[in-house]
Structures are given as structure tokens and as C-alpha cells.
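Sequences listed follow chains W, S and G, in order.
Under the working numbering, residues 205 to 340 are what the first sequence spells out, in order.
Under the working numbering, residues 205 to 340 are what the second sequence spells out, in order.
Under the working numbering, residues 205 to 340 are what the third sequence spells out, in order.
Keep in mind that the hints were calculated from the coordinates and are not lab data.
Don't take every hint at face value.
Unchecked claim - Which chain G residues face chain S? A few, computed with CB under 10 Å, are given here:
1) 206
2) 211
3) 243
4) 246
5) 280
6) 283
7) 290
8) 291
9) 293
10) 298
11) 333
Virtual Cβ for every residue (Gly too), placed ideally from N, Cα, C.
One letter stands for each residue in the lines below.
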Amino acid sequence: MPQTTLTLDTNGPGLLEFTDAADAFVRGSGIDTGLLTVFVRHTSCSLLIQENADPDVRRDLDGFFRRLVPEGMDWISHTTEGPDDMPAHIKAALTQVSLGIPIAKGRMVLGTWQGLYLFEHRRAPHRREIVLHISA
Amino acid sequence: MPQTTLTLDTNGPGLLEFTDAADAFVRGSGIDTGLLTVFVRHTSCSLLIQENADPDVRRDLDGFFRRLVPEGMDWISHTTEGPDDMPAHIKAALTQVSLGIPIAKGRMVLGTWQGLYLFEHRRAPHRREIVLHISA
Amino acid sequence: MPQTTLTLDTNGPGLLEFTDAADAFVRGSGIDTGLLTVFVRHTSCSLLIQENADPDVRRDLDGFFRRLVPEGMDWISHTTEGPDDMPAHIKAALTQVSLGIPIAKGRMVLGTWQGLYLFEHRRAPHRREIVLHISA
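Okay, chain W solo, but in the shape it has when bound (with noise of 0.2 Å):
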């Protein structure tokens, strides 16, 4: 079955949204009914389906998970790799490694606010890779 690799160039913490990506995706398969499985390659970041209305929804989703996990917490252990490397391991295991959205029509079914995005969670710039895979 069709299956991709998107790349995402991020430029520090933060949603980007890349649901035209996989709109084009699915719509190329030529798939009517089915099932897209989207997958990060990544621990350091993570996905989110949110709404893609209001820009300050993502920047308010941001300010939780900043407040929630904050660096410099005192008992943290993993350190070496810099003070924002293990506050994102954490949001990204608060948040999602993989989604599953069924498609009908040739569409993904998503609803009339949401919108696919990878959540960045690391200050220095990334290249992201997230595998796109169609079943029936």
C-alpha cells in the first residue's frame, strides 16, 4: 500500500502544521476508503491533531506544556544533551508518536477544525521525518 516520508525543517519549539502534506497524499493514492496511519521518527517531538483556527490555541498549547514540564526541574538525571532535550522527551511522551484517520471518499475525515501538526519540543533547529502509510 502507498506509503511516504514527509521532511519538516522546525526552527525551535511550537506547532507546524502540515495537513496539506498528507491532504495531498491521500488525494494522489487515489484511495476512496481507508485508514492513514501518520508516524514521527523522533522522541524529541511529537504530533497533535488541534484546531487550526484560532493561532492562539497552538501558542496556548505551547504555554501549558512549557509550564507543565519546565527545564531546569532539579532531579532531572538526563542533562547531557542540554536543558530542553529532557522536558522534550517528556511532552513528547505526554502527546502522540502515531495517528490513525480513517479516509472516506478519498478525504481524510477529519473535522471541520482540525488540523495535523508536528509539535515541536526542541530549541535548535531539527529536520523531522514523519512516515505516512495508507492501508485499506
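Please build the complex by placing chains S and G on the supplied structure of chain W, with the hints as guidance.
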């Protein structure tokens, strides 16, 4: 492959079980071995598989998320849709938008105590759509 | 399609890797391109894909969840199964019950540092079942 949409009417925050509806769809499909994907088409409610024995578990789960993401956090920007809206998006991000459940011998492979729940995070009544899709 | 059940014996809270068992199942299936679904049949342990390099990452993940969801929260109602039971359900709700991992060239498309883990949240030893299912 088989696909359907469930519609659930919610009446405020909490966990609403739909295991029976999913089970009926799986049995009706006649599929012996496969994969059920459950997807919710919204960003202010979410999905959860949790214990279906003691109702206190669901009350405590809701209680935890209300405490972790209270209304009225003063740094929130997205407030135009009411004080419960941004907390709803955050709780949805911390739980699931999609679930994949294998099917064996014509039934979901749920453990003895596992039930499927819609986790409503908004106060006002909402009509929610959940897409069920079966892959072989 | 191929399906199997892994049984893992746990000995208290923490992350238990089962990447090799999943890899062996995928290779043994002979499937070149497809989707592996991993599903855990319990509500007081969960699944996580996380870094398999530095063991401190797993210790810190467990440390974070113990601090976020401590035993003894005084508002908890569900206490009949022990002080670690309701926190276990909450930690399970905050992480994953199912994971979807595409297969390419006969192998899971895991990133270099990604490993599959059972995240045990109970103190007492438990026998845990994980269902693996491959779709085309």
C-alpha cells in the same frame, strides 16, 4: 472496508461509554481478524480506553484533568469561546484523538476491564462524531 | 493478517522494552510494506515509544509521571485497590494504549533512537498482554 460514524450527544464534562456500539459494528462487519480504528472529529473532546468496572475511576480521571488544567489560568490567550474552551483543547491534547484496536475471532481484543469512552471536556451540550473504520 | 500476543511479566513501575519481540514478529510475517498495531489489554499500564540510548531518560520519564500523579492525592475516591491503583489509571490515560507503526522493507520504520516500551504503573508484579497485529 467497513466504516461508519457514531453520533454521541454529551451533557457536560466526563466519560461517556460507547463500547457496545463499537462492538456491534465489529460483529456486524463479519471480519474475523483485523484492526478497528476509532477517530473523534473534534478538538475539545477526546478518546480514552479505561476501566469500566468502578465508576469512581472515571470520576477520578475527570477530577485529575480538571485539577491539572483548571479554568481561569491567567496566561491563557484563547478565551473568546468561554473559560472552558482552551482547557478543553489542552485536555484533548493530553489524551487521544485516535485508537487502534485489533480484532480477533470477530471481536475487539479488549481486556476484561477495558471500555471505550468519549471524554467530553466542554460544559455545554455537544453533538460529537466518532468514525469507526475496520482494516483487514 | 498476522496477529500475536506478547506476554510480559513486570516487577514494579518503570519502562520495559519489547522492541526486539515486535521486530521478530514483523520480520517473521514476511510483510514488506504494512502497518504494525500494538495494543495493551490493561488500564493500569501503558505503551510508550521513547529513547533507547541513555537509560536515564527512562528513569526521568518515570520520575516525572510519579511527581505529576503522586500517590495519596486526598480527593481520590477509587482507593479500594491500593494507593498506586488510581495513579496508575491516570498515568495510563496520559500515555498510550495503542501505537501504529508503519512497516517498510520488512521492518518497522522506527527512528534510530526509538524503542517500544511497556510502561508499568503498578507496584506489585503483573503479567501483561500486548497484542501485535499487522495490516497490509
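So, going through the hints one by one against the coordinates:
| no. | hint | in the structure |
| --- | --- | --- |
| 1 | 206 | holds (9 Å) |
| 2 | 211 | violated (13 Å) |
| 3 | 243 | holds (5 Å) |
| 4 | 246 | holds (5 Å) |
| 5 | 280 | holds (5 Å) |
| 6 | 283 | holds (9 Å) |
| 7 | 290 | holds (5 Å) |
| 8 | 291 | holds (9 Å) |
| 9 | 293 | holds (6 Å) |
| 10 | 298 | holds (6 Å) |
| 11 | 333 | holds (7 Å) |
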